[in-house]
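*Asks:* Sequence:
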Amino acid sequence: RGRGSGSLRLLDIPQQPQLVCPMPRRDETDTLLAVADGGGTGTGGATSFNEHYWLMRTWPWWVFPYGYLATEALCLCAARNSAFSLLTERVYGDLQRSAVMRVHVASATCMWLLGGVQMCGGWLRREHPALHRVMGYCFLLCWALFVGPTACYLSLLVRGDSLFGTLSSLTLLDVTFLSYYCFFRAWRVARLRSQGARSLQLHGNLMGLGCLGTMSQLPQRFFQVHFVALRWICVRLLGLVSPPHAVEVFARWVSHEALTATLPF
Numbered sequence: 001r002g003r004g005s006g007s008l009r010l011l012d013i014p015q016q017p018q019l020v021c022p023m024p025r026r027d028e029t030d031t032l033l034a035v036a037d038g039g040g041t042g043t044g045g046a047t048s049f050n051e052h053y054w055l056m057r058t059w060p061w062w063v064f065p066y067g068y069l070a071t072e073a074l075c076l077c078a079a080r081n082s083a084f085s086l087l088t089e090r091v092y093g094d095l096q097r098s099a100v101m102r103v104h105v106a107s108a109t110c111m112w113l114l115g116g117v118q119m120c121g122g123w124l125r126r127e128h129p130a131l132h133r134v135m136g137y138c139f140l141l142c143w144a145l146f147v148g149p150t151a152c153y154l155s156l157l158v159r160g161d162s163l164f165g166t167l168s169s170l171t172l173l174d175v176t177f178l179s180y181y182c183f184f185r186a187w188r189v190a191r192l193r194s195q196g197a198r199s200l201q202l203h204g205n206l207m208g209l210g211c212l213g214t215m216s217q218l219p220q221r222f223f224q225v226h227f228v229a230l231r232w233i234c235v236r237l238l239g240l241v242s243p244p245h246a247v248e249v250f251a252r253w254v255s256h257e258a259l260t261a262t263l264p265f
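Letter 159 of the sequence shown, counting from 1, is numbered 159 in full-length UniProt numbering, and no numbers are missing.
No lab work stands behind these hints, which were simulated from the structure alone. Some hints could be false.
Computed beta-carbon distance windows for the label pairs [as the list claims (entries may be wrong)]:
#1 Ala106 x Glu127: 28 to 36 Å
#2 Cys138 x Val254: 38 to 46 Å
#3 Ser242 x Asp174: 40 to 48 Å
#4 Ala73 x Phe177: 25 to 33 Å
#5 Trp59 x Glu127: 12 to 20 Å
#6 Leu178 x Val91: 26 to 34 Å
#7 Tyr153 x Pro219: 20 to 28 Å
#8 Ala73 x Glu127: 27 to 35 Å
#9 Arg188 x His226: 39 to 47 Å
#10 Trp59 x Arg252: 40 to 48 Å
#11 Leu178 x Trp59: 23 to 31 Å
#12 Trp232 x Tyr153: 26 to 34 Å
Don't be surprised by glycine CBs; every beta carbon is placed ideally from N, CA and C.
Starting from the given sequences, assemble the full structure and let the hints guide the process.
*Replies:* Here it is, written out as structure tokens:
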């Protein structure tokens with residue numbers, strides 16, 4: 001208590017100094033990107049950064065999505081429809097009947113094309129950081145405004161009536177929300193850059209994880225192709241040893257809807 005007073009006095013406790021990480025200026029971005037990519041003059045840290053870039057900086061990984069896009073583009077030019085629409089006799093993935101599907105395919109194609117250049121183009125990040133930022137914003141806008149919302153819509157509606165189809169749709173929604181979170185955090189980390197080159201390395205890892213989530217349909221397409229091919233083989237074999245009525249019953253039982261809607265778009 002204070003002398004001669006009934007009131008409490010606050011003790012003068014010296015405040016501890018706070019550690020503040022200065023935010024790098026825009027003109028320092030080139031050096032930070034070079035260090036994060038392993039091309040700078042930093043000591044010791046560049047090698048550890050490179051070890052985490054194996055997924056984003058290898059073009060062979062992008063052979064799978066780009067190969068899928070090339071197949072869809074060839075089918076679109078030749079038959080004006082998607083590959084799975086042709087395989088399933090326009091039961092699944094018909095672009096001519098679904099405007100949402102057309103928007104999703106077109107925007108996802110642009111997003112993946114930008115993503116491959118952004119992830120693997122180290123020269124672009126080092127020599128043209130402004131262009132890298134512009135392309136990154138275009139990538140995020142494609143996802144946030146077109147690819148993500150249409151993916152949610154298709155996951156909810158393009159599914160089977162069984163419990164497995166519903167669970168598959170919920171799983172795809174989880175992947176979509178995870179990609180939203182990763183892309184938002186990646187943008188936030190790159191915007192603040194409180195840890196310099198380490199922030200940019202974390203930004204790249206988050207973008208790579210988000211892109212990996214958007215590629216969840218690739219293993220689905222792999223299994224769907226095998227299911228459709230197995231159905232075609234079974235129908236042809238039954239046609240050789242069974243009457244036409246039995247073949248028709250089997251074709252209705254193992255339908256294209258049952259094979260594809262359980263692994264929705």
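*Asks:* Are any of the numbered hints broken by this structure? If so, which, sorted upward?
*Replies:* none
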